[in-house]
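Numbering (our numbering), first residue to last: 13 to 362.
Do not rely on the hints blindly, as some may be mistaken.
[Stated by the list, open to error] Mimicking DSSO-like on lysine-lysine, the simulated pairs with C-alpha atoms at most 30 angstroms apart in a straight line are:
hint : residue 1 : residue 2
1    : 211       : 279
2    : 211       : 171
3    : 143       : 171
4    : 211       : 143
[Claimed, not checked] Have a look at the derived ranges for each label pair, beta carbon to beta carbon:
hint : residue 1 : residue 2 : range
5    : 205       : 320       : 34 to 40 angstroms
6    : 172       : 140       : 44 to 50 angstroms
7    : 293       : 87        : 30 to 36 angstroms
These aren't lab readings, by the way, just hints derived from the structure by calculation. C-beta atoms are modelled at their ideal positions from N, C-alpha and C, and glycine is treated no differently.
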Amino acid sequence: MIIANKAFLIAAASTLLIRHALSVCKDGNVSVCTVRYSSCTHCAGRSLIDTVSRSTSVESITCVPVSTAPTIDGDTSDWSSVEAFETPLTGALSATESPYGNVTIQCVYDYERVYFLFELPGPYRFDSADKHKCAAISTMFKMGSEAMLYDMGNCPLAKTSCPTNATECADYKVDIGGHWELATTEMGVAYGTSSGSGKDNVAGKDDEYAVSPSCRMDDNDANAANEWEGAWTHTSPNTTDGSYIFEMSRLLSTASMESDAQLEAGKATDFGFAMWDPFENETSGWSDAGHYVTGCSADWISLRLVDENGNVEGDTSEETSSDSVETSSSVTSSGICILAFCLVVMGYAL
13 MIIANKAFLI
23 AAASTLLIRH
33 ALSVCKDGNV
43 SVCTVRYSSC
53 THCAGRSLID
63 TVSRSTSVES
73 ITCVPVSTAP
83 TIDGDTSDWS
93 SVEAFETPLT
103 GALSATESPY
113 GNVTIQCVYD
123 YERVYFLFEL
133 PGPYRFDSAD
143 KHKCAAISTM
153 FKMGSEAMLY
163 DMGNCPLAKT
173 SCPTNATECA
183 DYKVDIGGHW
193 ELATTEMGVA
203 YGTSSGSGKD
213 NVAGKDDEYA
223 VSPSCRMDDN
233 DANAANEWEG
243 AWTHTSPNTT
253 DGSYIFEMSR
263 LLSTASMESD
273 AQLEAGKATD
283 FGFAMWDPFE
293 NETSGWSDAG
303 HYVTGCSADW
313 ISLRLVDENG
323 NVEGDTSEET
333 SSDSVETSSS
343 VTSSGICILA
353 FCLVVMGYAL
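Construct the entire structure; sequences and hints are all you get.
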């Protein structure tokens, strides 16, 4: 009877947490408010406070057409008139947010290419002999209809390796573009495209695709190439302050329908961004799984390439509402995770 009472109290408290968060979202009039836990499989051994995170994330990023494209050089001066979108970065396998603050994202496009400016607060670290002691970033675009931001597409048949038949995970495919590890580069230098493969043997900004973390490859089909350009810098490399600046660009439409998301003016595409912290571990730098991701590490952001009239098709961002339990997948999954946590603390095996 005592156990049952404890379970009731914990479940009631969990419900109140969710209701309170929804109330804050509604009253605060923010774009998205989520109560989330990264994975139910990690509930055991953590306190309720540790396993629940409250984050505010943008639902969409507007990418506007320009007649004069920014120069890819790491200089932000030609972005001063472009709207900036700020959003948190959350641990891919944890409920913690980046210790340095939010990423700021800006986007424009012309008749041929899309251009991004990413600004990441964080102290400078660079080691040309060890990529893990340099900052790293990546973008991700949804390709398959079932692809999730979490787990790089999250194909259930690719949890430990690629499936024997690649078509079995085709609906979970994601385009991982501009996956940039900096060890072979210099600040303020522009690095260009390459052909034949997504592998960038010069600058380490690979063009990849995946259906899970265990099935991630450089673009490798007959039409594969690396269409990404980029330059980076840091605003204060001699202090413990400052921000990383990544200025990047890729073709809107590429020759490879197999490994690249095809972007088009007037249409929206699901998008995500990740960063690896070179100070994750003082001795060894970042780990593969230690990266931070937009969307509370679970939700896509709608990248809206608005046309000249400001219109866009295929935008799903407005279908979710911060004050609707039914349309908030993050809140729903959080409820399940909190329930799992309650069962664990009662001593039950799930």
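Hints versus structure:
no.: 1; hint: 211 with 279; verdict: holds, 28 angstroms
no.: 2; hint: 211 with 171; verdict: holds, 24 angstroms
no.: 3; hint: 143 with 171; verdict: holds, 26 angstroms
no.: 4; hint: 211 with 143; verdict: holds, 16 angstroms
no.: 5; hint: 205 with 320: 34 to 40 angstroms; verdict: violated, 27 angstroms
no.: 6; hint: 172 with 140: 44 to 50 angstroms; verdict: violated, 33 angstroms
no.: 7; hint: 293 with 87: 30 to 36 angstroms; verdict: holds, 32 angstroms
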